[in-house]
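Participant: Spelled out from the first residue to the last, the chains are:
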Amino acid sequence: MASILKVKNLVTKFHTVDGVVNAVNDVSFLLEDGETLAIVGESGSGKSVSMMSIMGLLPMPPAKVEGGQALFNSKDGPVDLIQLPYEAMSDIRGGQIGFVFQDPGTSLNPILTIGKQISETLIRHLGISGREAKDKTVSLLAEVGIPDPTLRFDAFPFQLSGGMRQRVMIAIAVACAPRIVIADEPTTALDVTIQAQIVNLFKELRVKMGVSTIWITHDLGLVAGLADRVLVMYAGQILESAQVDELYENPKHPYTIGLLGALPRLDTQESKRLVSIDGTPPDSTILIHHCPFAWRCAHAFERCWNEKPALTTVGEKHTVACFYAMEEGR
Amino acid sequence: MRAQPLLRVNDLKKHFYIPTGLFGQETIEVKAVDGVSFDLNAGETLGLVGESGCGKSTTGRTVLKLYRPTSGNVFFDEKDITSIPGEELNKLRTRIQMVFQDPYASLNPRHTVKTIVSEPLVIHGLMKGAELDERVKELMELVGLNPSYMKRFPHEFSGGQRQRIMIARALSVNPDFVVCDEPISALDVSIQAQVVNLLQNLQERLGVAYLFIAHDLSMVKHISHRIAVMYLGKIVELAGRHEIFDNPLHPYTQSLTSAVPIPSPKMERKRQRIILKGEPPSPANPPKGCVFHPRCPIARDICKTEVPQIAEVQPGHFAACHFAGTPIQDT
Ligand SMILES: Nc1ncnc2c1ncn2[C@@H]1O[C@H](COP(=O)(O)OP(=O)(O)OP(=O)(O)O)[C@@H](O)[C@H]1O
Ligand SMILES: Nc1ncnc2c1ncn2[C@@H]1O[C@H](COP(=O)(O)OP(=O)(O)OP(=O)(O)O)[C@@H](O)[C@H]1O
Ligand code: SF4
Ligand SMILES: [Mg+2]
Ligand SMILES: [Mg+2]
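Protein chains in written order, with this note's numbering: chain A, 1 to 330; chain B, 1001 to 1331.
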């Protein structure tokens, strides 16, 4: 399969009064054409910052992308999103790459009607007339499941529920038939029944439009029903990546194993105690030169404290950054 | 003979009146809790689940009399706490405690851990001096915190540790009953397990009963003995934890359990989801008849006019639906 996005050695830091925050520490991954890639990790692990680095959405300063590439297979050939000038990046953002944020409350303009916000995106990226944009907006609203789309065209964001606002965000993200949609925790603020509606909508759109998706979440349950492939992030790094079935059946990194063990199982009758991972993630102002999980890892040995493990292939499309897992695999 | 339940909640209502209009001359009535009944036995955990705004926190707070009930009764150890005099209620307060959702907002940032943990003991004048110090140490060990952290301030702790501080504080007075309002929602997965295990271990050792409020159904199933499902101010179903998942009778519960993500790709592929249309209506303007009828896939005419009463449909299994147990065809 061809890749549509190739991220290499991404490093992003924040220079703050309290010190340097090492938010993204040498992250590399591929997004294949048409696939849904999930990035899972706990709060502060660098999921959002890595995506915003790629999309040029970080406030600079304090943020600084200190290294790396993000090669995007655009309509007009490959480009490095990190090096792209502001204007060109703005054209791609919302056009060829759509973005859905965690909190639709803050990313919609409160003083513009939702119809206006969607049609402006269409006019800007597709260069169509106001009349055409309005028609297309109404059909997009219908497509994302907003009842009475003609009426809702004139609604302001505050007049909609959280689930509806998230649908509007999705409509904006897919309005210009993007090649990639990046969704940053699009259902975290929603209730399970509404979450199920949104996940369903994404699946439908994916079939209809063949779009590649990056879905950021901390919910390993959600990922199981959604993703083709999964990246596990911790302390600004990728610790493991695998096809979804492989990851759940054959996790290799002690952190992944711990995360899966910490989840209650609905599929068993007995109730064992959950496996808990002691301790907490490291302080992101420390630059770590060894395995970032070593403090919390039951398998840590000398090497784990002396070197940083690199992602190593342990199976088909399965890589892991752990000395213990690598030795075990041999 | 069956022992009396520790807590018996009977047709509890809490309505809020919100002033509207230019001069606040009119009011909107929000029926946040609208006729809730349940029992809780000593040493038992009852899970309370439902979507945002359905009235879970208000139920917890009204049971503790942090809100004055609009009507209904709450019997704790056979005493009706909705009507007993303040003095007697104060005595009962040491037996009933609460852990709140947000471990960041609910700890006073200027107080040391020791002050926070010992506050209920001090307020009720139960301990002081060396005895108090000893008790705080013991409590910190109980919840897995190093007693040497006693002099530190909340900001020096992680989310999971702060939640442990809250739990130590709630347990300081040896309560029989603790309302846990979303005690793990603000925590990361790996930390959630620490807190849930702690709550379970403490129940085993001390025999505390919990009302465990959460919206994460899989966690609720894991920790609870029985589960109550709320929708728009009412309990629509109540049963044993396996029963709720294996044999949900109310259409809302059926959709809820089918929507919970399962961390297994194989099972996810096999599953049938019941996806509800629309969103929960406002409790300020609840629908007539069954409050669930506008979203219900099996609703018929009677549902639009008659309020279904909660009934014991099967032994120990309660549901409030005219057509309880009717399977939903996949949508
Ligand atoms: N504007 C900022 N200034 C300073 N540090 C920041 C800023 N934004 C993010 N960070 C830090 O960068 C690191 C990565 O944050 P990021 O938002 O990517 O985490 P995340 O994985 O998306 O977490 P969550 O699940 O909570 O959204 C964290 O340590 C965070 O505190
Ligand atoms: N103090 C109050 N004054 C007025 N209305 C209130 C008050 N507290 C709660 N409500 C309303 O009562 C209803 C129930 O709220 P409650 O906080 O009990 O819901 P919940 O089930 O705990 O929701 P969540 O899952 O979001 O915490 C909501 O409509 C809410 O807006
Ligand atoms: S009573 Fe009627 S409307 Fe209510 S849930 Fe049952 S079937 Fe649906
Ligand atoms: Mg984030
Ligand atoms: Mg609440």
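Hints may contain errors.
[To be verified] No farther apart than 25 Å at their CA atoms in a straight line, the calculated lysine-lysine pairs in the DSS-like style are these:
no.: 1; chain 1: B; residue 1: LYS1266; chain 2: A; residue 2: LYS272
no.: 2; chain 1: A; residue 1: LYS317; chain 2: B; residue 2: LYS1266
no.: 3; chain 1: A; residue 1: LYS208; chain 2: B; residue 2: LYS1277
no.: 4; chain 1: A; residue 1: LYS136; chain 2: B; residue 2: LYS1277
no.: 5; chain 1: B; residue 1: LYS1270; chain 2: B; residue 2: LYS1288
no.: 6; chain 1: B; residue 1: LYS1065; chain 2: A; residue 2: LYS208
no.: 7; chain 1: B; residue 1: LYS1266; chain 2: B; residue 2: LYS1304
no.: 8; chain 1: A; residue 1: LYS203; chain 2: B; residue 2: LYS1304
no.: 9; chain 1: A; residue 1: LYS203; chain 2: B; residue 2: LYS1091
no.: 10; chain 1: B; residue 1: LYS1288; chain 2: A; residue 2: LYS208
no.: 11; chain 1: A; residue 1: LYS203; chain 2: B; residue 2: LYS1114
Hints listed in this document are in silico derivations from the structure and should not be mistaken for laboratory results.
Participant: Next, verify each hint and record whether it holds.
Facilitator: Hints, verified against the model:
no.: 1; hint: B:LYS1266 with A:LYS272; in the structure: 22 Å, holds
no.: 2; hint: A:LYS317 with B:LYS1266; in the structure: 19 Å, holds
no.: 3; hint: A:LYS208 with B:LYS1277; in the structure: 21 Å, holds
no.: 4; hint: A:LYS136 with B:LYS1277; in the structure: 24 Å, holds
no.: 5; hint: B:LYS1270 with B:LYS1288; in the structure: 37 Å, violated
no.: 6; hint: B:LYS1065 with A:LYS208; in the structure: 53 Å, violated
no.: 7; hint: B:LYS1266 with B:LYS1304; in the structure: 39 Å, violated
no.: 8; hint: A:LYS203 with B:LYS1304; in the structure: 33 Å, violated
no.: 9; hint: A:LYS203 with B:LYS1091; in the structure: 56 Å, violated
no.: 10; hint: B:LYS1288 with A:LYS208; in the structure: 39 Å, violated
no.: 11; hint: A:LYS203 with B:LYS1114; in the structure: 51 Å, violated
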